[in-house]
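Okay, here's what each chain looks like letter by letter:
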Amino acid sequence: MISVPLRGAALAVAILAAVGFAREAWFHLVSEPIWNLPARAREPRPEERYRTVRVALPPAGRVGYVSDEPISDVAGALAPDEWGTWLYQEAQYALAPVVLVVGETSTPVVLANLKDAGRLEEIARAHHLRVGRRFEGGSVALLHR
Amino acid sequence: MTAILAAAAVALSGAAVASFVPMRRPARVALAALFGLGIWSAAWSAALFLSGNTPRTLLVKDALIVAVSAAVLLWRRDGRDSVGTPAEPVEVPRWPRVAAMAACVLATAFFVEHTLRYPDGGWDAWAIWNLRARFLARAGAGFRVAFSPEILFWAHQDYPLLVPGVVAQGFLLAAAQPVWVSAAISYLFAALTVAVLAAGVGELRGPPWSSLSALALLATPAFVGLAANQQADIPVGAYLVAACVLVAAGIESGRRAHFAVAGAAASLAAWTKNEGALHLLCLGFALLAVRWAPTRQRLRAALSYGCAALPVLALLAYFKLEVARANDLLSNPSPARLLEVHRWGDLFVALARRAAFFQTWGLWLLAGIAVLVLIVPRLPPRASARTVGVALALSFATTLAVYLLQPHPLDWFFRASIDRVLIQLWPSALLATVLALAPVRGGSQSAEGAGNPSAGEAVLATGVSPSPQASAKVR
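Taken in order, these protein sequences are the chains called F and E. Numbering-wise, the first sequence is residues 110 to 254 according to the working numbering. Numbering-wise, the second sequence is residues 120 to 594 according to the working numbering.
Chain E with its partners taken away, still in its complex shape:
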């Protein structure tokens, strides 16, 4: 009964949020599942802080979520914008879809192999995320001990609770802490990352590109490895790519609801890991700074984005101010480290080596840099690609500054963390690349080559939002 109610809470809350964005069914379903998990977890954390960790907390919280979500869905039923599936201009090749499906099977096999070998996941999984989930599930009313400053700082007590919240509720529903719970949740988040990327690209650029983007993500060695290691960076990447898909859809459709839901997605990234808050800020900044529409329209978009992020940000603020202790990376920041030339040199040498690090990235990072340098400048600028690209570049640049400021030995810290930082950004980077390379869905392009731009494409290329009058009807 409790498990059924929990499943209903996840499904209905996700569907309620997704009902605000007029997108095709695959994108809506993928986003709904991702939002459902995030809301289910964030609401549990809020319930813990408000009413304590009693046996009834989970049940009452899920019942409330079901009731509110059902009401929202009933309210949205009449006003929901339906998006039909228009006929594609040309027949698309079938092999990318077949290859993407084969890639899903292969990636699943690799995930299972690694999970059987290391069922507790990698270091961060058992030393941070699953440790916290065990505290929350086992400690009952004394759950705040999970954030005790007496636990060694490697447990990162200040890290937000989205992943431990999902895993701990899984433990409570199972009335035990079997290792398959955290492994299954990690698999689910990885699958949803692929689904959101593919469905989002399909929504914006059409079917062959969606399969190609899924294939690219699944064939990135770091992605499957880090997912099998149960790292929280995969869920951060999932919520970030969801936010980027929605921002791109908002820019290309001019519908403000997309920006609001993007803000909610980015706030869930912030509730997953500290870097998520940085991604939220950078995406919001790019929304304002990149000239994809008149200033007034950009301001309204950013306002929608920020307002929708507020509920989860309020939870995050409470957690940071009242529950968690200071972050170890910023516990002893020294601006003087920014002025040490050898640290900059070490960092850029390490970055250059990582770009060609075959073990975790294959040839993908080199290929991405080549596309960025050699091909993208020859294409007309597309506002959605530019906005997502600027946000990712800003996030990455700020992260590099943290590398310089943090107190650990730079080389050790870089090698221990850079792949996880990059995998957070990688699905969104693939999205931005496809947005830059491919024509908008419905624009003309044959399998042989690029065609002439459609009217919408030409408008988008100039950085002006399309059809403001048409868009106004659905705001």
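Okay, chain F solo, but in the shape it has when bound:
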């Protein structure tokens, strides 16, 4: 045999492609229900959470960062869940070019980014900071010395 028959190869590709597209169609039409796409597309993007705090922060430079969720900040040592890391990444994405420094509390302003807004005062006290402006019902706040 010098090469495979074109007709056989084409038939095999056609069958595999049909299976592949069926899987893609299932994912894009059913797993991600196509009927709720218009509503989903109108939902606010995650970074909307930081729209107002962005105006209150300095335009660039270092800003301390604290949270009520553990953050995976060392390679190879994962936090029990990804909430804290996800919140940090989301805030950093929204607020660049400000650099959010995890655990830093000596900057003039510190960003508190919480999963549970009810823990704001507790988190501030733990870091010897006082609560300044609150955003998003207190789940995002600026803390000061």
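Mixed in with the good hints, there may be bad ones.
[To be verified] Label pairs and their computed distance ranges (CB to CB):
no., chain 1, residue 1, chain 2, residue 2, range
1, E, 530, F, 153, 26 to 36 Å
2, E, 259, F, 247, 50 to 60 Å
3, E, 261, F, 120, 55 to 65 Å
No lab work stands behind these hints: they were computed from the structure. We treat Cβ as the ideally placed atom computed from N, Cα and C, and that holds for glycine.
Once you've looked at the hints, dock chain E against the given chain F.
Chain E only, in chain F's frame:
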């Protein structure tokens, strides 16, 4: 005006590089667009590091690119090798072309659906690539803050800048950071991956195979999903398949210019993601190690390949040594992990399961393994397929070693990354498969079955480069 100059810089620089490879128009156009984007981005990064991020940086850089590219194109106009389109030996069936076009429409619809749902892309897109693009576009003269070690290591500050460079320049041209910029760029790279694969296969094996290869790539669930998630692995795959097409064309034509341009393509893969540097090395090694020509000819090919990669590699070296901090995956490598038998066991079990992972691969990986085991050994060895195949196998094997060495939990890290590693290699694996299965373009094969090998085919099967005398004229 700035946008027009930028478009001219992309078009002319790509055309200038593509003018060095004598290929048919579809392959040349696809390669030119891919090279244009890469050069546009790499040149901006170089300009940032050299002269800082001022409002004039983009403008001056694009003006320089246009001037140099126009000069190269004028110089190449007389010496350019034209490749006509010879008549095909038999009438080719039309349905693969129609099916491939329908597949493009379907894949585009799926891409748009997912993008409307997640306009910022997947985790890596917004946590790494688009984050870096925002830093570069927003920070102005203080752009080096994008690589601050104080940002959490998940942002992978050491990752090269090809994709953030394109997106950030898009932001600067738009004078804002709309989400459609990064989504459109991701779509463009995905479309160019399909175009380069199809045009390259068409160049080397003829029209029905080009449509079939495009159909196979578009019908791979992971491809559309990862493209819609704006992952940089799609551009890595695009530059790698471009390099593989050019290496295969160089081996089958004996023209050294192909190897040089392949080196440039592979270097752009290295400037896209760290894995790209590995692919560059493995392809260069395969070019030397696989016996597709006498040693002297292979050495000259590898030299051309390496020299053309040098400019972008110099940029990468500067970035790694002066700008970026250490890679987290290799920050605490432990050779002892290589000796842990249970890690090897876990890895191979995970690999076997992934081969049959229907959600992201359909039946394609199983089919690929079946072809490799059952059909390829019965065919005469083709030097181009062997070279690309050895390079891909080497890249994959080395990546597996990284899985064992890296510090994260193996199962978690494997599940989070293996599809992206595989999608980098997949377009080139499809290319290698077609190169192995199909006769060279112009060789005789009917739609019913394989014919006798042509003279060139017989020579290629022995692993000796064809027509060295004829090739020498165009070197």
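Problem - Numbers of the earlier hints that this structure fails to satisfy, in rising order - result: Result: hint 2 breaks, nothing else.
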